[in-house]
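Engineer: Spelled out from the first residue to the last, the chains are:
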Amino acid sequence: MEAISVKGLNKTFDYFKKEPGLKGSLKSLFWRETLYHHAVRDVSFSIEEGELVGFLGPNGAGKTTTLKILSGILYPTSGEVTVLGHVPWKREAAYQRQFSIVMGQKNQLWWDLPARESFALNRDIYEIDRGRYERILGELVEIMGIGHLLDVQVRKLSMGERMKCELIAALLHQPRVLFLDEPTIGLDVVSQENIRAFIEDYNRTQKTTVILTSHYMRDVERLCRRVLVISDGRIIYDGGLADLADRYVDHKIVTLRLGRRVPDDVLARFGRVSEQSGLSVTLEVPKKDLAQTAQALLSALPVEDLSIEEVAIESVIATMFGQRPGDRGEENTTAGAAQPPPVVESDRSVHGAG
Amino acid sequence: MKRSGISAVCAVRRTFRLYGSFLAQNLKNEMVYRANFVLLVGMDLFFMGINVAFFAILYANVTTIGGWTFHQTLILVGSVGLVREAAYLLFRQGFLELGDYVRTGQFDALLVKPIRPNIHLGFRHVSLTESLGEGLMGLALVGYGFAHVGTGWAAIPLYVLMLGVSLVIYYAFCLAINSAVFWIIKSQELNSIVYTFMETARYPRDIYRGLGKAIFTFVIPISLIATVPASVLAGRLDWGLIALAVIVAVGMMSGATVLWNWSLRHYSSASS
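Protein sequences appear in the order of chains A and B. So our numbering is basically just the index in the first sequence, starting at one, shifted up by 5. So our numbering is basically just the index in the second sequence, starting at one, shifted up by 32.
Looking at chain B on its own, in the form it has when it is part of the complex:
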């Protein structure tokens, strides 16, 4: 038991070290295309701006939505940005490329290396620029909202931890959806499903009622992704909700891993 614990720690340390190597590699790669970098950051800032404007207009007429004030909502919207940026730094871009890997047979190369193909895929496409603007803007929104809601600094560690839990839910969701790639070979449509659902994450979970709430909590637990960490920082701490998020994260991750590993058996490789 103890030995397996130590080896698990070693595996995690090794994975982090490896991530460092891949990150450096990707940065070098992205800097080859400088104009692209500027364009992407600019686009992100623009779309985040639209989001904020949307809520600003709403809140000009009402004081709360589902019990959330304007500043609490900014934390929510900012948290979505942070989770998305973290996802792009860890795995998201890789899943977007997965269809090409499978179609061209390039996926072969990932299957023969002593590192899990799903982790390798994400690391190979670490993208700092893809949502850098979103991440920075997210940080600014969270900071601005936090300064106005008056929650103590003590909430920050739990907030960061719950962002981590949200990231696991997001990852499990991507992994499960993308398991279908080995049959349908294209990943674009699959990932637009992920994208569409993530778009809904920026609304507080409290706006859903009845069946909708159940679906967005258990079937597609996207509503938890931003709501749970944001509640911590917005002074709406709810331990029941936190426990729910942790259970959903563990359950989804286990399920998605089983599904993905099973799907890998169906990879038929492109002929060469």
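Same shape as in the complex, but just chain A:
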């Protein structure tokens, strides 16, 4: 069943240009130039119930704006959206009881009170009956391992602990759809891993539909089979994570351990040398000549060990977004990215707001 349907979604923000300095401020009191920022442009996608989809893209690409429209926080400029059959910006309680949004940079818990109090308040807001509430809370607290923190003031918790509590607060009413905007931002590696494991497990066992945005590629790699890549408000890729590498990268990574030093110019004959430390060398080798090159390496060089790997998804994304906006679509000189991303118009008027 389709859980989320988005067709031709657009969101344009207008804002005022202000010249720098006091003079600019005075001028802007009387006369302002209105500028438009197209945060989301003609975005369409469909997500099935139970899917866990990743939104990827640089800051200001439109990820958060899209999530806010799906949550009913923002009105779109145009387009059709239904989530679980509801139009989000009508803000119907029937819809609001069925979804949750967690924003890594915002806090919905009561700052001066223990998390337990915020949970109890959510119980009353969502009208969860006591028995069910106790059971769900018990389960979530156990999985997260934060039983000992329930009675500690929220402001005294670490960021990781707080995010766990934020997630619990968002899940008490058992939402069918969950939007996670940077849920691991600012967390240490261990906390990130815990949150990831939790989301993965929760999606699998509860069949909750999840959209996740993250800057951390590990989040996406671990959790999402499908990704939507957004750039300048447009979707430039919608598909499997594995295919992303195939489509945007035409080389693999060959790592060699050599018996003795080999001159650089000899190595360069086999592929682009991306890393070299002592006797360990990393080469980027075009996929089409991979077998041939591997054979040639083994016969021509004193190779002790050789391994072939896919390019890390992180580098794929870096390749996709590596160019400045103005450079997009031009002849691509970055090694390895023989297939440039689709042409993206660079007529946007502002960067950063998202």
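These are computed hints drawn from the structure, not numbers from a lab. Where hints are given, some of them may not hold.
Unchecked claim - Simulated coverage check for chain A against chain B, where a stretch passes if three residues somewhere in it have a Cβ under 8 Å from a Cβ of chain B:
hint : segment
1    : 74-80
2    : 101-110
3    : 128-138
4    : 189-200
In this text, a Cβ means the ideal position worked out from N, Cα and C, and glycines have one as well.
Chain A is fixed; fit chain B onto it per the hints.
Structural biologist: Showing chain B alone in chain A's frame:
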């Protein structure tokens, strides 16, 4: 028709229950800061004292102002205190915080919950202490005045009802003014407008003449807020005035709700 009536009753009951939860939450929150509590109550008592002294000096020279005697005026001043305290218990503090919510994008969280954002906002900032002193002092003044004007006990239910109507007018006024927050992002100035007008509520409506009277009745109906309930208790019952207050309350509330809902569409959220 009947079904919608029942569901409306359920919604009201549910809102009251929810208010109870929020109130408890806020009390716990306020008790974290004890010194603040004492300071606020003390300040309120001080300012109410100044008000009473002001009228005491006036009435040392005249016997009535706009037809109101000293004891009737005490009921009026006390009623303003009661309305203000009730407002702080229900919604006022929330509106004071609204600008911060909008500027930081914290308002997002209110928009996704199955409870109206304006009600949620008020409940989230229930403040017992903010005007507790004013409320207690108000109660004392109303009691003292009532004991001297010699109106019967029978006036009390209507008085309480009209306090409720005044509260609706006050709420509608706050809601309408604060609808502008989604454009100007700061709520401090907006709420000082509300505050300034509320200051004028403690004078009897009868002191205004002509255009001033019309403005303070229909455009900014603050003059009704204290005058109407106070007239009931002060033995100056005027059914025409009561009908006027009810009509103004219903009209303003409808208008303010439409304006607020329309303004919500313009909330642009802070980027995060």
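Engineer: Next, verify each hint and record whether it holds.
Structural biologist: Going through the hints against the structure:
Counting residues of the segment 74-80 of chain A whose CB lies closer than 8 Å to any CB of chain B gives 5, so the stated coverage by that chain holds, three being the minimum. Counting residues of the segment 101-110 of chain A whose beta carbon lies closer than 8 Å to any beta carbon of chain B gives 7, which reaches the threshold of three, so the coverage claim holds. With a threshold of 8 Å between beta carbons, the proposed coverage of the segment 128-138 of chain A by chain B holds, since 4 of its residues qualify and at least three are required. Figure legend: the segment 189-200 of chain A, annotated as covered by chain B; annotation inconsistent (0 residues with Cβ-Cβ distances under 8 Å, at least 3 required).
Of the hints listed earlier, the one the structure fails to meet is number 4.
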